[in-house]
Amino acid sequence: MDATDDRQSGPTIGRRRLLASSTLALGAVAGLAGCLGESGDENSDDHSGSTEDDTDGGSSDGPVDDDYPTVSPEGTSWDDLEPLSGSLAIYSGRTADQIEPVLREIETLYDDFTLEVRYGDSSGMVGQIVEEGDNSPADLFYTQDSGTLGALKARGRTAPLTEDVLETVPEEYRDPDGTWTGVSGRTRCVAYNTDVWEADELPDDIFAYAEDDRFDGEMGWRVDSGSFLSFIRAMMLEYGEEDTREWIEGLQERGITNNEGGSTTPQAIADGELSIGFVNHYYVGRHLDDNPNAPMSVTFTDGDIGSLFNVSGVAPIDTAEDLDLVRNFVRHLLTLEGQEFFVDTNAEYAVIPAVEYDRGDVPEQDELAVPSFDLNELADVEPAQDLLRDTGVL
Amino acid sequence: MVFPLTWIFLRALEVDPGRAGAILFRPRSLEIVANSLLLMAGVTALSVLLGVPLAWLTVRTDLPFARFWTVVVALPLAIPSYLGALAYIAAFGPHGQLQSLLEPLGVDSLPEIYGLGGAILVITLYTYPYVYLTTRAALKTFDTTLVDAARTLEAGYRETFRRVTLPQIRPAITAGALLVALYAVSDFGTPAFMRLDVFTRQIYVEYRGWNLDYAAMLSIQLIVLTVFILALESRVRGRERLYTESGGGHGGGHTVELGAWRLPATAFCALVMVATLVLPVAVFGSWLAGGATSDVAAYQFQWEYALNSTYVSAAAAVVAGIAALPVAYLAARYRSRLSELFERATYVGYAVPGIVIGLALVFFGANYAGVLYQTLPLLIFAYVVRFMPQSVGSTRTAILQVNPKLVEASRTLGRGHVETFRSVTLPLIAPGILAGAALVFLTTMKELPATLLLRPTGFETLVTHIWRAEEAAYMSHAAIPAIVILLVSGLSMVIILRQER
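Residue numbers (numbering that gives the first Met the number 0), protein chains in the order written: chain A, 0 to 393; chain B, 0 to 500.
Hints are computed from structural coordinates only; laboratory data are not their basis. In this text, a Cβ means the ideal position worked out from N, Cα and C, and glycines have one as well. Errors might be hidden in some of the hints.
Here are some, though not all, of the chain B residues that point toward chain A, as calculated from beta-carbon distances under 7 Å [claimed, not checked]:
1) Ala191
2) Arg207
3) Gly289
4) Phe362
Some chain A residues well away from chain B (every beta-carbon gap over 12 Å; in silico) [stated by the list, open to error]:
5) Gly74
6) Ser84
7) Arg93
8) Tyr109
9) Ala209
10) Glu210
11) Glu259
12) Leu324
13) Pro352
14) Ala368
Not the full set, but computed from the structure, chain A residues with beta-carbon under 10 Å of chain B [stated by the list, open to error]:
15) Ser135
16) Asn292
17) Gly302
Work out the full structure, taking the sequences as your base and the hints as a guide.
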């Protein structure tokens, strides 16, 4: 991927923490936490009434304290944590190339610890865990986007994490009720064909793409992913339903192409069938790994939802056999070693302040400066689905 | 079969009626129903036009290298149709590989591959073998003395085919066409990649949005459509000929000489091979060649995947073959409403998208099957539920062709039911059973959604491997398993066909 020079020298925003505190809509978070908390409570009666969840007082589903070594925002090492032992079943909506290496590395640290990873479709995993009910073999859900995590939570199937984890991960990257946390971040971007466009010819405002007839017949998006639904939902929350509808309809007038499947949008751009695509940034990187000569690069919109930052993350399952083990495993992902892995290997962002993002090809988190809000809200994708149905996208 | 249906109805009951109405009666729904029906009709008609001549050529004529073509024209069934779609898009899409090749010659654009036409083309190319295989089995077992008689009476080949051959193989063609029709309405991948809005796409949209209740409701619509197709097929079946006078089994005795038609006939088979096999393999090959630099450890191909695929597919084929026998026997010999209902019910599992059957079995498996959940037996059970009709249809047509007088004769000679079945009926219907098992084998090899949901954790097959690579946008890593599917399926087809008399 090319360096996006104009973005690198773009608006300089303060540190990550500033971003967090200045953009969080606290009222909305509290309100939402209240209503989601209720469904969580109902659930804890069903499944986990007698666990250690109650130590926190207040909500029985709130975060818990335990007696194990903790992680911290300054960075902890694998060596400092309680050794893992036993067996853990992970249901993953993330792809194997992105998490298998770090999972295997953790597994080999300990002699009597085994990981069983079940790969599948992000949304499908939620359906599967829900249908499995009390007999779910899953201990931990690991998925691509906060929307799927929130969906599992909304169905009452997540269990609380520990206090130290929640203090380590900045508020905007995790569930306010502490039942899921992001472990790495990524961003939406605009992929383009370099034979057709120069980066500075492309708008840095996501809404401009719907209004410019230079893009007629040139654009595509992937409509079958959770990321896409989260993205549309985020746009609705940030700019309102009307503006979002106008944007979608504008793109339709430009003749945007609906793609399905992970590889089709990057493939179409590389082939020149389309020249612009709205995708997650890593898909472009992977296609370039496979086809180094493909004329494709990415650029980012400036400070709007077009560069939506979302997390990949984990949630303990309420029916997990050994919640302490699950929580200790989550700690391992939030250490210095774990977080550096996501930056180095996946070109993803870290979620602990101690690990910096220093890859020249993708802007730093601070530079993205996109509106930030409670990622749980993205879990309720029904309004987005209704709008997409209404506009004929779905 | 009861499990998935119960689950579908239970889930569908959870739908808020107002919202259900809004989804069912929006203008787009009509378009979706129309697309689904057009797709089904187009695919079915073309599959018969392709499958029947190929079956006749490979069984009844002196086509050169008939054994080779027999295997080759059955093989497309082993290619997941969505892979076919990806290959066709890569080759024929705008700025695709073929157009790039032709560009210097002044070809600026090719006929549009996206849409209804493209979807019909691709699904036909990868499902016509249903018609081919069932028709072939019927031609193998059918009574050639009648053809000889007709020829003696100086009826022309065409006349003979129309008046003698066709009525005898019609149940088989219908059985194959039914499978094609139901596949066409239940396929998700191909219409999705071809950007055609059909029922299954709506079901997936709901499934992905965690609206399993809506997905179930849409599935019921699909079941209604299935019942309609089954009723239609019943009418076509109507007065089908039940058996032949001599009991069949003279398939080898009579061969039509193609004469001057040998070359065009061979060219026809070769054309089908290029369209269905050579083209995708070339495309996969180019992905592989282009991806030499990427080496993602998680997607390293392992032979274990091929072994796993073969193992579960073979098991599913054997179980489905055995389970289909009583159902097919009842439906063929004792025609009653009940036996027909039994037979018909098996088709529902086949017509409902795999994801729905898969989720239903997740529900029942996790909650009621205890330790069996996420084990191979339950996975194989799912395959059997899904694919048994393929086996039932072809076994049933084989039984129809057996003359009951032979069975009576054997009984008169003092042989018991079991002994008679073993020594008289079974040898006669073996090709039909084998053809059915072959169908189950080939389709299990490429089944995806139920495999993803129900396989034991860590159990990867060729298709789950392909899917993971596609999902992660590493297409080069999908190439090897795609080609291996073809090799394994080809090899097993050779073995299966060897078993025939």
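The hints, checked one at a time:
no.	hint	verdict
1	Ala191	4 Å, holds
2	Arg207	4 Å, holds
3	Gly289	5 Å, holds
4	Phe362	4 Å, holds
5	Gly74	27 Å, holds
6	Ser84	19 Å, holds
7	Arg93	9 Å, violated
8	Tyr109	19 Å, holds
9	Ala209	20 Å, holds
10	Glu210	24 Å, holds
11	Glu259	4 Å, violated
12	Leu324	17 Å, holds
13	Pro352	29 Å, holds
14	Ala368	27 Å, holds
15	Ser135	7 Å, holds
16	Asn292	8 Å, holds
17	Gly302	27 Å, violated
Comparing the model with each earlier hint shows violations of hints 7, 11 and 17; every other hint is respected.
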